[in-house]
Structures are given as C-alpha cells and as structure tokens.
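A.B. asks: Okay, here's what each chain looks like letter by letter:
2 protein chains.
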Amino acid sequence: MARWGLMSTEANATRSDISGSDREAPLLVRACRREPVPVTPVWFMRQAGRSLPEYRRARAGIPMLEACRRPELVCELTLQPVRRHRVDAAILFSDIVVPVAAAGVSLRIEPGVGPVIDHPIRDLADLRQLDGEPDLSFIDQAVRLLVAELGDTPLIGFAGAPFTLASYLIEGGPSRTHAATKAVMHGQPELWHGLCQRLAELAVTFLRTQVAAGAQVVQLFDSWAGALSEADYRRFVQPYSTHVLTALADTGVPRIHFGVGTGELLAAMAEAGADVVGVDWRIPLNVAAARVGGDRAVQGNLDPALLLAPWEVIEAEVRRVLAEGAAAPGHVFNLGHGVLPETDPGVLTRVVELVHQISAAEASQ
Amino acid sequence: MARWGLMSTEANATRSDISGSDREAPLLVRACRREPVPVTPVWFMRQAGRSLPEYRRARAGIPMLEACRRPELVCELTLQPVRRHRVDAAILFSDIVVPVAAAGVSLRIEPGVGPVIDHPIRDLADLRQLDGEPDLSFIDQAVRLLVAELGDTPLIGFAGAPFTLASYLIEGGPSRTHAATKAVMHGQPELWHGLCQRLAELAVTFLRTQVAAGAQVVQLFDSWAGALSEADYRRFVQPYSTHVLTALADTGVPRIHFGVGTGELLAAMAEAGADVVGVDWRIPLNVAAARVGGDRAVQGNLDPALLLAPWEVIEAEVRRVLAEGAAAPGHVFNLGHGVLPETDPGVLTRVVELVHQISAAEASQ
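Going line by line, the protein sequences match chains A and B. Residue 189 in the numbering used here is what sits at position 189 of the first sequence, and the numbering runs on without skipping anything. Residue 249 in the numbering used here is what sits at position 249 of the second sequence, and the numbering runs on without skipping anything.
Some clues are possibly wrong.
Said to hold, decoys possible - Here are a few chain B residues that face chain A, going by a calculated C-beta distance under 10 Å:
id: 1; residue: A180
id: 2; residue: K182
id: 3; residue: M185
id: 4; residue: L191
id: 5; residue: T246
id: 6; residue: P284
id: 7; residue: N301
id: 8; residue: D303
id: 9; residue: L306
id: 10; residue: L308
id: 11; residue: E342
id: 12; residue: P345
id: 13; residue: A361
id: 14; residue: S364
Hints are computed from structural coordinates only; laboratory data are not their basis. Just so it is clear, CB atoms sit at the ideal spot from N, CA and C, and this is done for glycine as well.
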C-alpha cells in the first residue's frame with residue numbers, strides 16, 4: 001500500500017467540476033459549503049440497510065463483505081433509499097472494514113455482531129496483514145455505475161477513521177471498553193503509530209478512489225471516538241484523522257466528520273479538517289455549532305430511537321432540530337446515528353417530506 | 001410495595017450517628033461532605049468482582065442473583081477488596097436488579113450478558129410484576145454482618161436509578177440503543193410514569209434498608225443515563241432520581257450519583273440531589289466540578305481501560321486525576337466506570353497506595 005505522506009497514484013482524484021462557485025451544485029454540497037440553500041438537505045446514516053424490505057430481499061443469502069464487493073449489488077442497495085425516501089444524497093453501500101479487507105486482513109462481518117478479525121493485531125509483526133496493495137477496482141466500478149444512475153443526486157463517499165478501524169483490528173471485533181486498544185495506544189507507541197499510519201493511508205486511498213469516480217462529498221466515520229477523553233483524542237487520534245481529511249483538501253470535495261458521543265470532541269474533530277461536523281442526539285445543534293467555533297456546517301441530530309415513537313413526537317423533534325440547526329452557517333439534516341433496523345421506512349419518508357416542507361417555508365419567509 | 005410519596009416503614013432509617021460535625025467520621029464521609037481530609041479516599045466501582053481470584057473461587061458455581069441473596073457470601077465478597085487493596089470504603093456486593101427481583105419480577109443475570117427479564121414491560125398490565133412487597137431481609141442481614149466486620153471502614157449502600165432499571169425492564173436486557181425505552185418514554189407517558197414511580201419507591205426502600213442497617217454513604221447508579229439528551233433527561237428521568245435522592249435526605253447519609261457518558265448531564269444530576277457527582281473519564285474533574293456549580297464533591301475518574309497500560313502511564317494518570325480533583329470542594333478517587341474483569345488486582349492495590357501517598361504529601365504541605 002501507499003506509504004505515509006504519499007498519495008496513491010491510482011486514486012489521485014482531481015478537483016471535481018462541482019467545486020468552486022458553481023450555482024448548480026447539489027443542495028447537499030451547497031449546505032456543506034455554508035452557501036444559502038432554498039431547502040435543508042436531508043439523508044440518513046444507514047439509509048441503505050435492514051429497515052428496507054427491498055434491502056432484505058436483495059441481500060438475502062449474501063454475506064455482507066461479499067455484498068460490498070459486487071458493484072451491481074452495491075449500486076442497487078445504494079439507490080434503494082434514494083428511490084423510496086427521495087433523500088438529497090446517496091451514500092455508498094459499504095462497510096468501514098472493506099478497505100482493510102482489501103489490503104489483506106482476514107475478517108468476516110457477522111450479522112448482529114459486526115466485524116470479526118481472524119488475527120487481531122497485537123504486535124509489530126501483525127502489521128504485515130495491512131501491507132497488501134488494496135485492489136479497489138470494485139469500488140471504482142460501483143461508484144461509476146452509481147453516478148450514472150443518480151443524475152442530480154450527489155453520492156457521499158465514506159471511510160472509517162483510523163481510531164475506529166484500529167479498535168476493530170486490535171480488539172478483534174466490536175468492543176464496549178476499547179481496553180486493548182487503549183493499552184496499545186498508551187503502552188506500545190510504535191505499534192499504535194504504525195497501525196494508524198497504515199489505516200490513515202488506506203482511508204485516503206479508499207476516499208480518493210471514490211472521489212475520482214464521482215463521489216461529491218465524503219464522510220469520515222470515527223464511530224467510537226467518543227470513548228476517548230479529549231486529551232487522548234488529541235494526542236493519539238486527531239493527527240491521523242487530520243492526515244486523512246487534509247489529504248482530501250485538493251479535491252475540493254466537502255468533508256463530513258462524525259462520531260457518536262463526541263460532544264466533548266467536536267472542536268477537535270472540526271480542527272482535524274472537517275467542513276461539516278456530525279453530531280449525535282446528546283447535544284443540541286446550536287450548542288454543537290458554538291463548540292466547533294461557528295464557522296463549520298453541522299449535520300444531525302434526530303435521535304434514531306425516537307423514530308419508534310408516535311408521529312407527533314417525531315414531528316416536534318424535526319422542528320426542533322431544524323430550528324437549532326439554523327444557528328450554524330450550514331445544516332445537513334440527518335439522524336444522530338444510523339437508522340435502526342426496526343424503523344418503519346414509511347416514517348423515514350415522512351421525515352424527508354417534513355424537513356423539505358418546513359425548511360422551504362422558512363427559506364421563503 | 002410502598003406507594004409514591006410514602007416511606008416504607010420497615011426501612012425507615014433514622015439519622016445515623018456519623019452525621020453532623022463528628023470529627024471521627026470516615027475519610028470517605030468527610031470528603032463527601034466537603035470537609036478537609038488528610039488523605040484522599042479511594043475505592044473502585046466493581047472492586048468486588050471478577051478481577052479477584054478469591055472472588056472467582058467464592059462465586060464458583062453460584063448464579064449471580066443467588067449469590068446476592070446469601071448474606072454470608074455477600075459479606076465475604078464485599079470484604080475481599082477491602083482486605084486486599086486497603087480501599088477506604090466497601091460497597092455492598094449486589095446488583096441493581098436485586099430489588100426488582102425481590103418485588104416479584106422474574107429475571108436472571110446471565111454471565112457476560114447481564115440481566116435478562118422473562119416478561120419485558122410493554123403495557124400497564126405488565127406493571128403488576130412490580131407490585132409485590134419486597135422481602136429485603138437478606139440485605140438487612142448482609143449489611144449488619146458487614147458493618148460488624150468492617151470496623152472503621154464505611155460501607156457504601158447502592159441502588160439502580162429508575163431510568164436504568166426501566167431500560168432493563170422494557171428492553172428485556174441490556175441495550176445499546178434504549179430504543180424501546182425511549183419509545184415508551186415519549187409515546188406511553190402513563191406507562192413510563194407508572195413504571196418510574198414504582199422503581200423510584202423501590203430504590204428508596206432498598207437504600208433505606210441499607211442505611212438503617214448501617215451503610216454510611218449511598219450511591220445511586222444511573223448507568224445508562226448518558227444515552228439521553230439533557231432535555232429528555234430533565235423531562236423524563238430527573239424527577240424520579242430527585243425523588244429517590246430527596247427521600248434519603250433525612251438520613252444525613254451522603255449521596256453519590258453516577259452514570260457513564262454523562263458529561264452533558266452533570267449539572268442536572270447534581271440538581272437531582274447529589275452531594276457527590278460521579279464522573280467517567282471523558283472530561284477532567286476540574287471541568288466536571290465547574291459544570292456542577294462548584295459546590296459538590298466529585299468522584300472519579302481514572303479510565304478503567306488504562307489500568308491495562310504500563311505502570312508509568314497509570315502513575316501519570318493518577319497524578320493528573322488528583323491534581324484536577326483538587327479543583328472541587330471534595331474528591332473521592334475512583335475509576336470512571338467499573339473495574340474490568342481482566343484487570344491485574346496488583347495494579348489496583350498499587351493505585352490505592354499511590355493515591356494515599358500523593359494526597360498525604362499534598363495535604364501536609
């Protein structure tokens with residue numbers, strides 16, 4: 001794989017034609033750039049997924065990692081929520097461990113569990129698992145198929161951030177405590193650095209592949225960063241996330257950065273190079289906007305669990321999120337975390353309509 | 001069981017002899033009261049538990065709920081970490097679902113999983129499960145045995161807060177999302193209120209039983225409160241926690257209130273009636289002390305995962321926690337969450353020694 005500080009040449013995206021001051025840029029891109037929008041754009045993390053019956057049909061019998069490697073299937077699964085909900089963006093159907101697997105790490109994704117790593121990383125020799133040159137041609141193909149199908153709807157590319165991927169690789173799977181990861185972070189600095197450097201380069205390669213093929217926005221997921229104190233985040237994690245986000249700067253593509261439970265880390269995550277900071281449901285967007293310094297867009301932050309509550313509750317929450325989001329120079333409506341599998345998809349469609357209706361009325365006042 | 005607003009007569013503790021200005025009160029009690037202490041008191045959440053080989057031997061073959069009901073075994077398990085680590089407090093070996101089971105809810109505690117409820121609560125009729133008069137005589141016996149054995153070391157009584165217990169009862173077990181719980185909270189107010197009223201009364205009965213038998217401090221665990229926004233916490237949870245903590249006020253026993261990931265909720269948790277606010281590892285204690293208004297003691301906040309790191313790292317963290325804790329009018333040294341089962345118990349003993357050594361040196365300057 002590419003070495004620290006060098007760009008992967010295959011994935012060397014050039015500034016896309018949606019950058020600059022093009023007034024025809026999609027709503028999502030304009031909101032990310034903090035430009036005025038006539039309607040607040042909305043999409044949902046995990047909008048392509050188990051909440052949709054058409055997803056469950058299309059995925060039936062196909063293991064997750066296998067599904068992520070079939071361009072036609074990735075295209076279909078990515079398009080499903082766009083067709084159904086009329087969201088303002090598609091997000092590539094994939095998994096944060098896909099590039100790690102492409103680089104040579106032996107793993108599977110177990111239903112109801114998550115990634116399970118065959119040989120968890122515990123010493124420097126284990127890093128060799130990550131040294132394969134990743135073949136991401138299936139990602140390039142999937143994105144090109146998608147961009148052709150999507151028309152005016154932008155595609156969000158994504159990657160897992162180094163810390164979250166490192167936690168999976170060290171723990172061997174999902175962890176509530178990240179105890180082994182923190183032990184490596186504090187006790188084996190050479191291993192931590194070597195691992196995070198490799199994961200950062202891999203994320204850059206993965207994201208630039210998607211941007212080169214036509215993704216118009218990217219999101220870097222540091223799902224579990226909220227498990228860290230701000231001091232540990234700034235010392236052990238932020239440098240690698242900064243490397244990833246900075247390496248995308250020349251593409252001109254807006255960069256969203258998100259993690260769960262990151263109320264104390266929002267400023268540090270913004271400083272890592274985010275145009276848009278994703279916020280879970282624990283703090284209001286106006287508070288989040290102030291914490292990131294008032295100069296970034298925010299994304300979020302309806303509690304996905306509340307989509308199981310009666311519609312009146314959801315409607316009130318949507319209004320609150322839009323009102324609080326207006327305090328930021330840009331707002332992308334989303335949930336505070338991924339769509340829960342038990343969510344009624346009809347509710348998601350209604351939320352999209354409501355966000356558009358309320359925000360259009362506000363904008364025309 | 002006792003009705004809302006009434007005290008359970010059996011458990012009607014009177015002001016204990018350790019209240020007031022008694023200068024012989026234990027270190028822990030004095031720190032909780034924000035009185036000067038010559039040494040910072042230290043104990044660990046889950047200090048009685050799987051990190052200790054003597055615990056694993058004593059518990060072998062005995063299911064958790066059964067273990068919690070045997071006074072002699074509870075006494076032994078509670079004493080083990082006091083003997084080994086020389087911590088400044090014992091905490092009653094029990095589980096937050098013990099009073100719920102005593103009131104009649106059919107449940108078991110599965111190793112590696114947690115509580116599993118046979119008939120999760122989904123409608124008003126399900127609340128009848130909680131209407132049994134709880135027989136807590138085994139708790140009374142265990143505490144009396146303990147107090148006789150402990151000598152000068154104080155015993156901390158504890159209970160689960162209404163929200164966390166409600167989540168177990170509604171979800172049927174541990175939940176990452178608390179989705180069904182939030183749906184009840186927002187969509188079935190009568191059920192939510194009826195459930196939390198019963199759980200609050202039960203917590204009062206459980207805690208007053210322990211105080212009457214000799215517990216000198218109490219801790220109310222709202223383990224999962226950090227899953228809530230501050231708005232939801234204040235509306236749906238704080239009133240019930242306030243009821244519990246207020247109902248203990250006449251005992252004169254200091255009240256500690258703790259949850260994980262509660263950085264945004266610390267002020268609201270203090271307002272609920274806590275003398276001491278427990279803080280996880282995500283924010284420094286000086287920041288926490290400011291958030292709770294500067295007039296409460298704080299407890300915490302070494303990251304339990306860091307106990308797996310090299311000793312130099314742990315030593316630096318202990319020094320940092322003590323220095324930051326000095327910003328509060330009282331500091332009880334603890335972890336930011338429970339001891340992890342894989343922790344080397346020798347490390348815990350060293351931490352106790354170090355806390356005493358550093359804080360004694362500081363106090364004598």
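A.B. asks: Against this structure, judge whether each hint is valid.
C.D. replies: Hints and how they fare:
no., hint, result
1, A180, "holds, 7 Å"
2, K182, "holds, 4 Å"
3, M185, "holds, 8 Å"
4, L191, "violated, 13 Å"
5, T246, "violated, 26 Å"
6, P284, "holds, 8 Å"
7, N301, "holds, 9 Å"
8, D303, "holds, 7 Å"
9, L306, "holds, 6 Å"
10, L308, "holds, 4 Å"
11, E342, "holds, 7 Å"
12, P345, "violated, 16 Å"
13, A361, "violated, 24 Å"
14, S364, "violated, 29 Å"
Violation of the numbered hints given earlier is confined to hints 4, 5, 12, 13 and 14; the remaining hints are satisfied by the structure.
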